[in-house]
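So the chains spell out like this:
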Amino acid sequence: MRIYLFRFDDDANVTAAKASLNARVKNLGIPISEERKFAGDRKAPMSPVYAITGGSLLRVKWTEEQTRVTLNAETTDLVRETKSKRVVLIADFASKIAELRLNPPENSHTYLDAGGRRTDEAYYQAYKQKATDVLGCEIVSIELRPVIESLVEEQDPRIVRIQIDDHTNQKNYKTKTTGARADVRDDPDWLLGYKKNGETWAWDAQSFYWLPKVSRGFLKREVYTHINADEEFVNVNADCSDEEVEYVVSQIRAR
Amino acid sequence: MSSPKFERVKQGHPGLSELLDRLGAYIRAQIASGQGYIVPKLAAAALRLNDGEAFVLLDLLAEGDVLRRVYNVYCRKENALLATVNSLDDLDKVAHCDFCDADHDPSNLKVEVAFSPANSDLRDLAA
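Line order of the protein sequences matches chains S and W. Letter by letter, the first sequence follows residues 1 to 255 of our numbering. Letter by letter, the second sequence follows residues 1 to 127 of our numbering.
Here chain S stands alone, though its shape is the one from the complex (with noise of 0.2 angstroms):
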């Protein structure tokens, strides 16, 4: 699951934009409810589901059904999965901040770029310009590559296991490192060059698992995190609940 994490524009006029916001959410066609609900068999792209608008919180589902097309090697057929796809937006209008929390598109969609090309990238800009919509006011990505550099930085105790950096160093040299089951933090070739030239490296991504026994209870098991601050987003593996979800999102947001 792919989730963007916001803040509302320095100039947006957020009391009136939640002022506004039953009305904007009930122009744009989304049924507003007290509880969560479940997506049921809406097949439409970009399909509303509900809107919980209660308080400074707004919480607004859409589902779809999207198809995965692959070919069958023995037969030569194409072989179509329908696979249903979620999207939630969370904002909470007393502490400007929103998220958007996607499930990967299929590689048969509807949304198209300006060159009428069918990308993953149109699909999530769709659903980003959607977000702008109902939210009112501009909002901007916050800045990830302070949060890797925290992460990175903060070894006592270690948050993160650092299973893969990915970093662009002043010469423009991108490097990759990737530790099977350890951390990168511990390789000595990769600590060395941290020590020497770190501070002045650009973090471009890192793949990471959070750790269950410096979270206070909150996580049972390791849970990977991949954030990528060059395109602004952030990775969950599906099966993720949403404590753990919110668990991540709080720790990045801390940073």
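Rather than coming from a laboratory, the hints here were simulated on the basis of the structure. Note that this is a predicted model, so its numbers are computed, not measured. Accuracy of the hints is not assured; some may be wrong.
As the list claims (entries may be wrong) - To give a feel for the contact side, a few chain W residues facing chain S, derived at Cβ under 10 angstroms: (1) ALA29; (2) ALA32; (3) TYR37; (4) LEU42; (5) ASN50; (6) ARG69; (7) ASN72; (8) ALA80; (9) LEU82; (10) ALA83; (11) GLU112; (12) ALA114; (13) ALA118.
Think of the CB as a built atom: it goes at the ideal place given N, C-alpha and C, for glycine as much as any other residue.
Dock chain W against chain S, hints included.
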């Protein structure tokens, strides 16, 4: 030696003078060490700014004709630099990717904004 255009940008934004000086020193060091392009994320890391701040400062220098905005085009899969182009329109002319042995669709490319010296001014500064 000082660049008149660089000084004009500073005069136009006196509140940013100190930041621009730090950025100027960084640009000179990068050029002196053989770097042809100034990448916002690297400038941000070196100067302890965020990406947005670094970009705005570099763009101010581009508006002042000290720098020129360019686009580094990478193969999304291999993260390899394929070309540097002067405008987004030129993306369609990006050369064959030798790493994948393919002519990539734009969706398989990654574009990074960078800045290069607009003329000899900054190269003089680096001398």
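Each hint tested on the structure:
| no. | hint | verdict |
| --- | --- | --- |
| 1 | ALA29 | holds (9 angstroms) |
| 2 | ALA32 | violated (12 angstroms) |
| 3 | TYR37 | holds (7 angstroms) |
| 4 | LEU42 | holds (5 angstroms) |
| 5 | ASN50 | holds (5 angstroms) |
| 6 | ARG69 | violated (17 angstroms) |
| 7 | ASN72 | holds (9 angstroms) |
| 8 | ALA80 | holds (9 angstroms) |
| 9 | LEU82 | violated (14 angstroms) |
| 10 | ALA83 | violated (15 angstroms) |
| 11 | GLU112 | holds (8 angstroms) |
| 12 | ALA114 | holds (9 angstroms) |
| 13 | ALA118 | violated (20 angstroms) |
The earlier numbered hints that this structure contradicts are 2, 6, 9, 10, 13.
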